[in-house]
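Since each chain sits alone in its own frame, please combine them into the complex, following the hints.
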Amino acid sequence: MIRVVLPAHLKTLAQVNGEVELEVHGPITQASVLDALEVRYPVLRGTIRDHVTHGRRPLVRFFACSEDWSHEPPDTPLPEAVATGQEPLLILGAIAGG
Amino acid sequence: MSGVRVLVGTRKGGFVLTADGKRKRWEVSGPHFAGWEIYHMKGSPADPDRLYASQTSAWFGQVIQRSLDGGKTWEPPGGPLGKSPEGFPKGESNKFVYDTSPETGKPLTTHQWYDGTQHPWEFKRVWHIEPSLSDPDTLYAGVEDAALFQSVDGGKTWQELAGLRGHGTGPQWAPGAGGMCLHTVLLDPGNPKRMFIAISSAGAFRTDDAGKTWKPINRGLHSQYIPDPTAEVGHCVHRIALHPSRPNVLFMQKHWDVLRSDDGGDNWREVSGNLPTDFGFVIDVHAHEPETIYVVPIKSDSEHYPLDGKLRVFRSRTGGNEWEPLTKGLPQRDCYVNVLRDAMAVDALDPCGAYFGTTGGQVYGSADGGDSWAPIVRDLPAVLSVEVQTLP
Chain A
120 MIRVVLPAHL
130 KTLAQVNGEV
140 ELEVHGPITQ
150 ASVLDALEVR
160 YPVLRGTIRD
170 HVTHGRRPLV
180 RFFACSEDWS
190 HEPPDTPLPE
200 AVATGQEPLL
210 ILGAIAGG
Chain B
205 MSGVRVLVGT
215 RKGGFVLTAD
225 GKRKRWEVSG
235 PHFAGWEIYH
245 MKGSPADPDR
255 LYASQTSAWF
265 GQVIQRSLDG
275 GKTWEPPGGP
285 LGKSPEGFPK
295 GESNKFVYDT
305 SPETGKPLTT
315 HQWYDGTQHP
325 WEFKRVWHIE
335 PSLSDPDTLY
345 AGVEDAALFQ
355 SVDGGKTWQE
365 LAGLRGHGTG
375 PQWAPGAGGM
385 CLHTVLLDPG
395 NPKRMFIAIS
405 SAGAFRTDDA
415 GKTWKPINRG
425 LHSQYIPDPT
435 AEVGHCVHRI
445 ALHPSRPNVL
455 FMQKHWDVLR
465 SDDGGDNWRE
475 VSGNLPTDFG
485 FVIDVHAHEP
495 ETIYVVPIKS
505 DSEHYPLDGK
515 LRVFRSRTGG
525 NEWEPLTKGL
535 PQRDCYVNVL
545 RDAMAVDALD
555 PCGAYFGTTG
565 GQVYGSADGG
575 DSWAPIVRDL
585 PAVLSVEVQT
595 LP
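Order-wise, the sequence lines are chains A and B. Numbering follows the working numbering, in which position 29 of the first sequence is assigned residue number 148; successive positions increment by one, without gaps. Numbering follows the working numbering, in which position 121 of the second sequence is assigned residue number 325; successive positions increment by one, without gaps.
Here chain B stands alone, though its shape is the one from the complex (with noise of 0.2 Å):
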């Protein structure tokens, strides 16, 4: 019988959660890397052993850590997997160096700070992987201050994609209060040059050309907390995502509103509809239902919990605009959580599984496509990122 993985980080290590198909009992295994901060964890489409995580520390700095037998065990990719000959682990997988180098774009040396001065490129944390769809050893990271890396040997190396950053906006682009995160990373399916990334706060940007060159995707976002609301950089955006059988149509959890857009971001226009309050973190897409969408509302930008103490998704069944609140399951009082933006996720099992973690350290599950939730653990650390895999 086929199952899923769900993939749990949090400020204090890495989980695993297990289950079958019917996706009713599950296993627990972990913390990995316990009393790190895991950002973000995800596996392989090609190889559904292989997951990568995003270990950090404020401390310690960036590793990045491999598994090839679906999270039992786990090594940095740096060198052979193992130990050296000495006995001793090999496994430095941790260097990312911006590139500086006028070969390979136009090397940028600050950005804008939060008082409006310009600031050095600091790197200081990964917050998003992303594996190929079709190469186990060939990754994208998102990290903070923003850029995107590629690894195309397992995690161990990884070099900069520093066109993103070159393009030209980078001076423009400022930290949210978050840090300056490319948090989102979204590989379309059909056509492997064709790559979104989103950052906060600067926007979403595309590359047709498998990264070499980027621009900006901004077209229709409207932000009243910037000073030109229709700037070309510098919205809020906090999650993008799409259905890979359409990945043309994109949908848009911005720090206010929600948009989508149907000409591959060229052209954004609003989707709140209905929603009690349109800012909010996570948006993801249904796995059968191209139409079908999800969100949690969060009451405001300075009260980040839902609004009325009601833990509420939000599904639309139409693409946006009319929206169902989803509640049964879901604590309706006194819950003041967030859900933060790498934190949802959907399995590909019928019917489609959805999955969502909590700052209180909850991760709920639905295996009915969001009509009924319940916990699959309730004590974890403050939970930073979901995703599943749907396992043959």
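For reference, chain A alone in the conformation it holds in the complex (with noise of 0.2 Å):
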């Protein structure tokens, strides 16, 4: 099973608490990993992504193993680690504060 972690508000949106877990077929990549996020919750479609372009969304962020994923083209295959649920691919929301 393949780990997601969502930010508070998306989890809130979809209503889960802690991490989501996906069967994910194929290569294991932001894209097929997103897909099968957005079969299972709907309702986030368009929040972490751009319905139309798949285009990440400007203040959002990938992290995988401490290794930020963001500009990775989204067909790249994901860490191993993410692979075989030892690590969660992270989604994060850019830092609010100031």
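Keep in mind that the hints are not guaranteed to be accurate.
Unchecked claim - Pairs of lysine-lysine, DSBU-like flavour, derived with a Cα cap of 35 Å:
id, chain 1, residue 1, chain 2, residue 2
1, B, K216, B, K228
2, A, K130, B, K216
3, B, K416, B, K226
4, A, K130, B, K328
5, B, K419, B, K397
6, A, K130, B, K276
7, B, K276, B, K216
8, B, K397, B, K416
9, B, K328, B, K216
10, A, K130, B, K299
11, B, K532, B, K419
12, B, K276, B, K328
Claimed, not checked - Which bits of chain A does chain B cover? Going by a derived footprint, with three or more residues having C-beta under 8 Å, they are:
id, stretch
13, 160–172
14, 181–195
Calculated directly from the structure, the hints in this document are not laboratory data. Bear in mind the structure is a predicted one, so any value in this text is a computation, not a measurement. Idealized CB from N, CA, C, for every residue including glycine.
This is how it looks when you write it as structure tokens:
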């Protein structure tokens, strides 16, 4: 199972607590994980990536295994530790503060 | 006994304020959608328990929320309400995609940017939701970047009424400091095919064929802050209002100037009269007196707070020109809040109630047509919008 950690506001919107576990078929990439996430939680469509272009929303970031994957092409395979469920894919909102 | 429900959108959530017909004791529920910007909440005139809310975030985009029980519970309306068979929430209701098809208008790809260059249209958020007067499942959404969308399935799916952007002047529209927003949608109670909208900063527009075609209605507006002060479009209209019994008479609070039209927007004339400043955002009409209108003057376009630190509503009982300050119950010193364009509304009780919210988080109400005011709540997040439902 692929583990995904959502930001707090999206957990509320999708009515989930803790991590999300997803069954993803085929290569484990940002795109395939987000596809599976949006199938299971249609309410999240458009909140992480654009409805049409599937581009990442500007204030959303992706991290895996302590590395920033935000700017990697969406079809790049994620780390093996994410693919095997040892590590989660973190979806974060940019820090709001000041 | 009849009552009122005041729907308050704020920078950090939505609130529902309810009272009986006396409007003295209020119950406050919320925050709903805590932490999100709630640009607007509005109830269906055809079904008072049907409410819609625009939930938006710079991080996570736009969500439309719907309530079937007067605001007690909410869900995104994408798909059947409730959970899917697997137990997970459905509810995709946030897909606002500009129409680019050649069949439904003349799709535009750019508008004027701040520096005069052309810029692509980019959806940002829903500023205003206007439910149909007769069908709870039909509603309109005014969005930034300026366009009008319609849903006929209770907010689940949205289609752009692309004739507005495509009517010809779109490339001349430009954003104001707050963005290029379509913030006002007025439905004509006597003519279901007629609708008025307003855009900052493009101006006011009217359709007479249910949204297929549109025309600018800005003749008589004079805006010194644009290269051609009497241009067909480019005016920063902040709000327009009408009385349902007389939908051909429109009132406008422009960036500067208060105006009225007696011919459905074809021609406007200034009625600022003796206002101490005619800059402002809100304007509204008394529920029972079509010539009684309210504004909240703001010092200037560079100083968005009341003149002299005194929060005053101004009322005209003559449809403009002659204005009286209403101060009873409102702070008359050291007050430097703003009242944003969608943050005033009236109820239909007798006497008429009036309400407005401030960027300081106060919602003031008057149960006597504005003669006296009292805060309903004092310490909400900055108020973006106020709507009122008069309940049976």
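Status of the hints after comparison with the structure:
no. : hint               : in the structure
1   : B:K216 with B:K228 : holds (26 Å)
2   : A:K130 with B:K216 : holds (17 Å)
3   : B:K416 with B:K226 : violated (43 Å)
4   : A:K130 with B:K328 : holds (22 Å)
5   : B:K419 with B:K397 : holds (14 Å)
6   : A:K130 with B:K276 : holds (20 Å)
7   : B:K276 with B:K216 : holds (18 Å)
8   : B:K397 with B:K416 : holds (9 Å)
9   : B:K328 with B:K216 : holds (17 Å)
10  : A:K130 with B:K299 : holds (19 Å)
11  : B:K532 with B:K419 : violated (42 Å)
12  : B:K276 with B:K328 : holds (28 Å)
13  : 160–172            : holds (count 9)
14  : 181–195            : violated (count 0)
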